[in-house]
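Numbering (UniProt numbering), first residue to last: 1 to 286.
I should point out that these hints are in silico values taken from the structure, not numbers from a laboratory. Where hints are given, some of them may not hold.
Label-pair distances were calculated between CB atoms; the ranges are [stated by the list, open to error]:
{"no.": "1", "residue 1": "Ser95", "residue 2": "Gly175", "range": "17 to 23 Å"}
{"no.": "2", "residue 1": "Gly153", "residue 2": "Gln202", "range": "21 to 27 Å"}
{"no.": "3", "residue 1": "Ala173", "residue 2": "Asp232", "range": "45 to 51 Å"}
{"no.": "4", "residue 1": "Pro97", "residue 2": "Asp166", "range": "38 to 44 Å"}
{"no.": "5", "residue 1": "Gly30", "residue 2": "Asp83", "range": "28 to 34 Å"}
{"no.": "6", "residue 1": "Arg139", "residue 2": "Arg43", "range": "38 to 44 Å"}
Where is the CB? At the ideal position from N, CA and C, for every residue including glycine.
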Amino acid sequence: MPVSASGTIDLGGKTVHRLGYGAMRITGPGIWGPPQDHDEAVRVLRRAVELGVTFIDTADSYGPYVSEDLIREALHDGTGYGDVVVATKGGLTRSGPDVWPPLGRPEYLRQCVLMSLRRLGLERIDLWQLHRIDAKTPRADQFGVVKEFVDEGLVHQVGLSEVGVDDVKEAQAAGLQIASVQNRYNLGDRRAEDLLTFCEEQGIAFIPWAPVDAGTLARPGGPLEEIAAHHDATTSQLALAWLLRRSPVIVPIPGTSTVAHLEENLAAADVELGDDEFATLEAAGR
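Please take these sequences and the hints and turn them into a complete structure.
Here you go:
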């Protein structure tokens, strides 16, 4: 199981391997509707677990609902998901491809949780994340109802997505124990650096989305290509290996809709960067 080489972290009340799988791409174009190849989507999910993935990230808005439905079809064993943590998110609405308006009204967030429980076939969600903080709804109302989900046993742990340090502190002040944050972060986009540092200090898992988007660093002849050639690896594998070494709280979740690409991504767990290579990539990314 190559994913085991990525190390572990406690998340959702369980110990999971740090290299996970993001289940957004098993939907249709624009993250809308069913996948073009339903059977391949099911194979991707099952192969991920076969290779040692124990953390799968999804959301009710992926499809919408399609990703959660596929995860249950592929992986539910009749009682749950065993050692696999299926984390989901709520708080966005969908009216078409690539359209994601936030909605943080308490009654809507409660509906999100209850429907995710039903679709995933669970009595309690290990990790539920607020997909976005809605600027049109008082934050106290949003954080308050999320705390109710924990108090009522609907979810075990909670997280936030696309936030800053002050947002996390505000949620903590409202009584939430934040287990994870999920922000865009990769070798070529380091805008969430201060949030990552805060997460390290607090012991909060940092789940970077778009983890392999290295931008111009992956150009032909660039630093990624040169070091990747040394390891007989792809530039995407190198970008993931860099994230795994960058911080012990980082939990990359590369997504894909094909088994071949999945296996390629997960092989990143076996790429060990030397000190000089890591320093080169670190400097190039800044």
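C-beta pair Gly30, Asp83: status relative to the range 28 to 34 Å that was hinted: 33 Å, holds
Range hint compliance [Cβ, Ala173 to Asp232, 45 to 51 Å]: 49 Å, holds
Range hint 38 to 44 Å (beta carbons of Pro97 and Asp166) holds or violated: 33 Å, violated
Range hint 38 to 44 Å (beta carbons of Arg139 and Arg43) holds or violated: 41 Å, holds
Range hint 21 to 27 Å (beta carbons of Gly153 and Gln202) holds or violated: 24 Å, holds
Assessment of proposed distance window 17 to 23 Å (beta carbons of Ser95, Gly175): Violated, at about 33 Å.
In this structure, the hints that do not hold are numbers 1 and 4, in rising order.
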